[in-house]
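In order, the protein sequence lines correspond to chains A, B and C.
Numbering-wise (the working numbering), the first sequence opens with residue 1 and increments by one.
Numbering-wise (the working numbering), the second sequence opens with residue 1 and increments by one.
Numbering-wise (the working numbering), the third sequence opens with residue 1 and increments by one.
What the hints contain is simulated information worked out from the structure, not anything from laboratory work.
Keep in mind that the hints are not guaranteed to be accurate.
SDA-like, lysine to any residue: derived pairs with alpha carbons at most 25 Å apart [stated by the list, open to error]: (1) Lys-39/B to Asp-28/A; (2) Lys-570/A to Thr-632/A; (3) Lys-452/A to Ser-224/B; (4) Lys-407/A to Gly-309/A; (5) Lys-153/C to Asn-80/B; (6) Lys-71/C to Lys-226/B; (7) Lys-13/A to Gln-779/A; (8) Lys-71/C to His-7/B; (9) Lys-407/A to Arg-489/A; (10) Lys-275/A to Arg-246/A; (11) Lys-146/C to Ser-720/A; (12) Lys-170/B to Glu-650/A; (13) Lys-131/A to Thr-5/B; (14) Lys-653/A to Val-262/B; (15) Lys-58/A to Met-1/C; (16) Lys-263/B to His-716/A; (17) Lys-537/A to Phe-16/A; (18) Lys-226/B to His-716/A; (19) Lys-221/B to Gly-130/B; (20) Lys-26/B to Met-708/A; (21) Lys-26/B to Met-1/C; (22) Lys-169/B to Ser-97/B; (23) Lys-13/A to Glu-94/C; (24) Lys-226/B to Arg-246/A; (25) Lys-653/A to Thr-232/B; (26) Lys-133/A to Ser-44/B; (27) Lys-169/B to Lys-137/B; (28) Lys-653/A to Asn-239/B; (29) Lys-126/A to Asp-16/C; (30) Lys-39/B to Glu-124/C; (31) Lys-11/C to Leu-53/B; (32) Lys-137/B to Thr-147/B; (33) Lys-589/A to Arg-489/A.
Among chain C residues calculated to face chain B with C-beta under 7 Å, some are [as the list claims (entries may be wrong)]: (34) Ala-12; (35) Ser-14; (36) Gly-15; (37) Glu-18; (38) Arg-20; (39) Ser-43; (40) Val-49.
Quick caveat: nothing in here was measured; it's all calculated off a predicted structure.
Glycine included, every Cβ here is placed at the ideal spot set by N, Cα and C.
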Amino acid sequence: MSATGIGAAVRRKEDFRFITGQGQYTDDVVRPGETRAVFVRSPHAHANIKSIDVSAAKAMPGVIDVLTGAQLATDKIGNLICGWMIHSKDGTPMKMAPHPALAASKVNCVGDAVAVVIAETVGQGKDAAEKVKVEYEVLSAVVDPAKAQAKGAPQIHPDIANNTIYQWHLGDAKATEAAFANAKHVTKLDIVNNRLVPNAMEPRAALAEYDAGTDNLTLWNTSQNPHVARLVIAAFVGMAPEHKLRVIAPDVGGGFGSKIFIYPEEVVCLWAARKLRRPVKWTSDRSEAFLTDAHGRDHITHAELALDGNGKILALRAKTIANLGAYMSTFSSSVPTYLYATLLSGQYDIPQIYCEVDAVYTNTAPVDAYRGAGRPEATFVVERLVEVAARQLNLEPAELRRRNFVKSFPHQTPVIMAYDAGDYNASMKKAMEMADVKGFAKRKREAARHGKLRGLGFSAYIEACGIAPSQAVGSLGAGVGLWESAEVRVNPTGSVEVLTGCHAHGQGHETTFAQLVSERLGIPFDSVSIVHGDTDKVQFGMGTYGSRSGAVGMSAIVKALDKIEAKAKKVAAFMLEAAEGDIEFKDGKFTVAGTDKSAAFGEVALNAYIAHKFTGAELEPGLKETSFYDPTNFTFPAGCHICEIEIDIETGKSEIVNWTAVDDFGTVINPMIVEGQVHGGIAQGVGQALMEGAVYSAEGQLVSGSFMDYTMPRAHDLPSFHVGLTETKAPSNPLGIKGCGEAGAIASPAAVINAITDAIGTEELAMPATANAVWAALQRATPRQAA
Amino acid sequence: MYNFTFHRPTTVRQAAGLLARNPDAKLLAGGHSLIPVMKQRLASPAALVDLGLVEGIVGVELKGRSVSIGAMTRHADVANSPVLKEVMPALASVPGSIGDPQVRNRGTIGGSIANNDPNADYPAACLGLGATIITNKRRIAADDFFTGMFSTALEEGEIIVRVSFPVAKKAGYEKFKHPASGFALVGVFVSKRGPDIRVAVTGAGANGVFRVPSFEEALKKRFSPKSIEGLTIPASGMNADIHASAEYRAHLVGVLARRALVKATA
Amino acid sequence: MPAVSMTVNGKAVSGDVEARTLLVQFLRENLRLTGTHVGCDTSQCGACVIHVDGIAAKSCTLLALQCEGAKITTIEGLAAADGPLHPMQEAFREHHGLQCGYCTPGMIMSALDIVRRRGNDLDEHTIREQLDGNICRCTGYHNIVKAIAAGAKEMGKGGTTQQAAE
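Throw the hints in and build the complete structure from the sequences for me.
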């Protein structure tokens, strides 16, 4: 392994600008004549708009204009869409209600934008926004998805009965039913997967500029996928044709899914910038972000696991209600369906699985993909069921898992996925050793002497990443293909730019992608630049989410590098006056087999451009290749996390005393970055399990609407993590990469809750397991444990 | 935030004069409660009178059997005061637990007490030690000062100048942090100074900081955690929110009082 | 509009601002020092931490006018333009103490304040407790904690030891 090649913990190229304060995030970009947008938002969760009077606001100092939804409609700006079609079990298509960027007649959640003030400064904009008079007819609201389906619930969108978007299912209901009928033991759980607010540290922002001379629009945007944003804004919103719209996603301060989606604010900024002939910038306040960023999770599930007398799992069934909020966000429909139910087999050989999912509108912020997206919900169902079943059957949780692990590959689950490689016992075994599971009983006794309860929780998760084979997702309803593109541009001096359709917002692509290119071409790491995040530079791409950039994005680079090598060999053949078939390429050098004739990569690059050694008829000059890589399967990262927790009996406060993660991500390009991804994912999962929860009042007000009430994990809430790796290569891509971005968030909630319930001796514990919640659970538990 | 006029007096007298001339003015001390509220447009003073340059209201001094703390003394400076750490570390631990380090670098005792946030730490220390709040006009006993959430005995134009804490031989503060905000979900300050025994609770009560007579009575026999074992306070009148039920807060009052007593009697 | 002047990163600066202008707005908008970030509106996240007269503060909770005459240091002022990185900056890079980079300037400025108060030999528990005012959503803090411990130690070696005030 070279110091900068695949497998090396190379320090990141991108860090210099960030540690010196020279990052360029959207809000840092300033355009001449820039104005500021301030949105007027509904304070009500559900109301008809009777009238909007903007006259007083327009007269305020510094105000350029105040625009409303009525004008948006007049200008024929289209609605936002959800791009994944789900059909109900009766064959009817999902019911997608219109989502205008500015509500004109009705608001459906607190924070719904009804008007926008364009002013010289944010302060002036805010002063004026208060002067916009909106007359509302307040309607009763519903925030609980189960209640939203009930008779007599407030009707959120016209003609959508019971506020139900779809009633979907997957698996064989009858066969599952039969398996349950034959079971010796059935474990049942009612689970709420709590609603989360993504809270990337950089709030969303958009800056739009219109060039009247060329009729071109440019949007700087906090986006994980600028090309998808351009496609949706062009083709569905109808703002401008694709070739007249440039989307730039510069440095982006974290995404976690929340910056995949196309939001009203960027549409409004583009529209206003063209209308007013001035650049328009909007930067979200954190309070605004709480109300308007797409939230995550929010499932209510009843789940059951059927086992025989030997602890062999026979079947699993689940009925889930998924809260999608007031509108269907960009990919929201896919999250509780194909990203969720397809993973309900976990790491286990489960003969029958049946899952039903109802997706429901409520008067809350839209819900969409958040780190893990569907897979954390599935893992929580499976790993809680398995853990509880083991406890009920008096089996070691590890033993029950071992008995049921998938052991041979490929393995077709009953829920679409075909697992292609893995060694689940290897991860669990290593994790158990690292976590010193053998010594746990002793540690538990010691803790008890200090008035503390100790618990141990496992989570053996699996995820489907490398999203995704286009044909497969197309057959499941996706509106787009999920391949990735790469363009490798070799300069005459031998340095290389790689244009990728992936987008980095913390993942370190500028480093890992360069490691791949540097190793493959045998050129210095510093001679490689990675270009991303600008639709004028990169032709097309699908962006970064779903742990796809390694498995799909880097595979596209590999394919393009294959083409570069092939063409360079042709050039080298002319240079070295040899047959193309005799040219070999290794360590940055082209040689003629069996001779000492050679040319360095840089020399070949120069010759490709000066083209002195060949004619255009023989070979086109230049050295630049493009590839579109479409994966043949999902990848299946898997592993085992073990959480050891200590609980203060008197206060119910939990402290994670040890965390072990052993993951199989296939090939690892940069272990330092991979471990960092695991750490961050665990923190988010621990956040979900112990402290985070978006809470709405019955009237639809977001009670946890700031960092004063929504508990973010802080340094002192977490331990240092013990992270290990096992490796089975992903057979479906040339590098054998499985992906690592979401694993921590997927694995960890179940590990935490399994640990706490182990400690307190009751399974009745919802997330977030706050100190109050654990204390209350202890009060309900046996008197022996309740202090 | 709404705009305002900004004044920087250098004496308490000037500050008082500015308050008198600007009826909608507010005093700006550390600003770590006021500025966030103004940013949310929940407060809209027409003028701010910044006490940052006012002389003579900063510092921690031992005066006889009392510790006197200037109103503009930052939390970090109180927490790290060598004098205070020596004579009454329990009081030093109170600002040491407020907010986070950056907040402690700016926030002041006067600002905290004048604001009387129901989850703030200092009110528990004031009430739990029987402090005297000294203003430009008078001296107010802590027992009379805190009159309900965000409400105090301060009158228009009255400026806190110093706070005087009697030195208690035995004192302790125990806080259960609000997991999100860092304020006190519940905080209990206990002290014993001769026959004067005090148990003051912040964070828990719907009306702000309060004393617990039943605990104080029980502690008169013996100032020890054992004396209040098994004692609780009723959940009625406790705050309830998404972070803690009234029952849980009431329970924590007992737990934290015992833990504070462990510290106080260590 | 009132005038304000202060020293930022060793340079005298001044400007006319509305009284309601926050220090962070003055730094970002008037001086175009955009390394200082805004991540919340409740003084919680610490993305905006800078030093006022050598002491860490949240620039989102200070009025520019309160800083009249003060010496402000921002992330841009830690290392000279063509000089070496500050040891704490270097430690964040070496230990992968950042991912998206948004919280990083505030983290580094807070880390320096921890060193000021607690010295160069910092244990994990101290660092975690003292990072209470800074939120990171990417790293799980693991590598930030490592970076701060290493950076603090390096500052001690390099003679940039600062007297621990606490």
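Hints, one by one, checked against the model:
Proximity of Lys-39/B to Asp-28/A is assessed by CA-CA distance (about 21 Å); at most 25 Å being required, the pair is judged to hold. Of the pairs offered as hints, the one joining Lys-570/A and Thr-632/A is violated, with about 30 Å between alpha carbons and a cut-off of 25 Å exceeded. Proximity of Lys-452/A to Ser-224/B is assessed by CA-CA distance (about 23 Å); at most 25 Å being required, the pair is judged to hold. This hinted pair checks out: Lys-407/A and Gly-309/A have alpha carbons roughly 21 Å apart, not beyond 25 Å.
Distance hint between Lys-153/C and Asn-80/B is fulfilled; the C-alpha atoms sit about 23 Å from each other, no more than 25 Å. Between the alpha carbons of Lys-71/C and Lys-226/B the distance comes to roughly 52 Å, so the proposed pair goes past 25 Å and is violated. Distance check on the hinted pair: Lys-13/A and Gln-779/A sit about 53 Å apart at the alpha-carbon level, beyond 25 Å; violated. For the given pair, Lys-71/C sits about 20 Å from His-7/B by alpha-carbon distance, which is consistent with the 25 Å threshold.
For the proposed pair Lys-407/A and Arg-489/A, the alpha carbon gap of about 43 Å is over 25 Å, so the pair is violated. Only pairs whose Cα atoms come within 25 Å are accepted, and Lys-275/A paired with Arg-246/A is accepted, the gap being roughly 17 Å. Restraint check: the Cα-Cα separation between Lys-146/C and Ser-720/A comes to about 9 Å, which is no more than 25 Å; the hinted pair holds. With a C-alpha separation of about 24 Å, the suggested pairing of Lys-170/B with Glu-650/A holds against the 25 Å cut-off.
Straight-line distance between C-alpha atoms of Lys-131/A and Thr-5/B comes to about 22 Å, which keeps the hinted pair within the 25 Å bound. Between Lys-653/A and Val-262/B the alpha-carbon distance is near 19 Å, which keeps this suggested pair within the 25 Å criterion. For the proposed pair Lys-58/A and Met-1/C, the alpha carbon gap of about 23 Å is at most 25 Å, so the pair holds. Our distance criterion of 25 Å between C-alpha atoms is met by Lys-263/B and His-716/A, whose separation comes to about 22 Å.
Between Lys-537/A and Phe-16/A, the direct Cα distance comes to roughly 23 Å. Compliance with the 25 Å bound is thereby established for this hinted pair. The hinted pair formed by Lys-226/B and His-716/A fails the criterion: a straight-line CA distance of about 31 Å is larger than 25 Å. Distance hint between Lys-221/B and Gly-130/B is fulfilled; the C-alpha atoms sit about 20 Å from each other, no more than 25 Å. Distance hint between Lys-26/B and Met-708/A is fulfilled; the C-alpha atoms sit about 24 Å from each other, no more than 25 Å.
Restraint check for Lys-26/B and Met-1/C: the C-alpha separation of about 20 Å stays at or below 25 Å, so the hint holds. With a C-alpha separation of about 21 Å, the suggested pairing of Lys-169/B with Ser-97/B holds against the 25 Å cut-off. A threshold of 25 Å between alpha carbons decides the hint, and for Lys-13/A with Glu-94/C the separation of about 11 Å falls inside it, so the pair holds. Taking the CA atoms of Lys-226/B and Arg-246/A, the gap is about 71 Å. The hint is violated against a cut of 25 Å.
Between Lys-653/A and Thr-232/B, the direct Cα distance comes to roughly 19 Å. Compliance with the 25 Å bound is thereby established for this hinted pair. Of the pairs offered as hints, the one joining Lys-133/A and Ser-44/B holds, with about 20 Å between alpha carbons and a cut-off of 25 Å not exceeded. Using a Cα cut-off of 25 Å, the hinted pair Lys-169/B and Lys-137/B is violated, with the two alpha carbons roughly 30 Å apart. Straight-line distance between C-alpha atoms of Lys-653/A and Asn-239/B comes to about 19 Å, which keeps the hinted pair within the 25 Å bound.
This hinted pair checks out: Lys-126/A and Asp-16/C have alpha carbons roughly 20 Å apart, not beyond 25 Å. Distance restraint check for Lys-39/B and Glu-124/C: the Cα-Cα separation of roughly 35 Å exceeds the 25 Å cut-off, and the hinted pair is therefore not satisfied. With a C-alpha separation of about 23 Å, the suggested pairing of Lys-11/C with Leu-53/B holds against the 25 Å cut-off. A distance of roughly 18 Å separates the Cα atoms of Lys-137/B and Thr-147/B; the hinted pair therefore holds under the 25 Å criterion.
At most 25 Å may separate the alpha-carbon atoms for a hinted pair to count; Lys-589/A and Arg-489/A meet this at roughly 18 Å. At a threshold of 7 Å, the smallest CB-CB gap from Ala-12/C to chain B is about 20 Å, leaving the interface hint violated. At its closest, the beta carbon of Ser-14/C sits 16 Å from a beta carbon of chain B; the interface hint therefore is violated under the 7 Å criterion. For Gly-15/C, the shortest C-beta to C-beta distance to chain B is roughly 14 Å, which exceeds 7 Å, and the interface hint is violated.
For Glu-18/C, the interface hint holds, the least distance from its beta-carbon to any beta-carbon of chain B being 5 Å, beneath 7 Å. For Arg-20/C, the interface hint holds, the least distance from its beta-carbon to any beta-carbon of chain B being 5 Å, beneath 7 Å. A hinted interface residue such as Ser-43/C counts as satisfied when its beta carbon comes closer than 7 Å to some beta carbon of chain B; here the least separation is about 5 Å, so the hint holds. About 6 Å separates the beta-carbon of Val-49/C from the nearest beta-carbon of chain B, less than 7 Å, and the hint is met.
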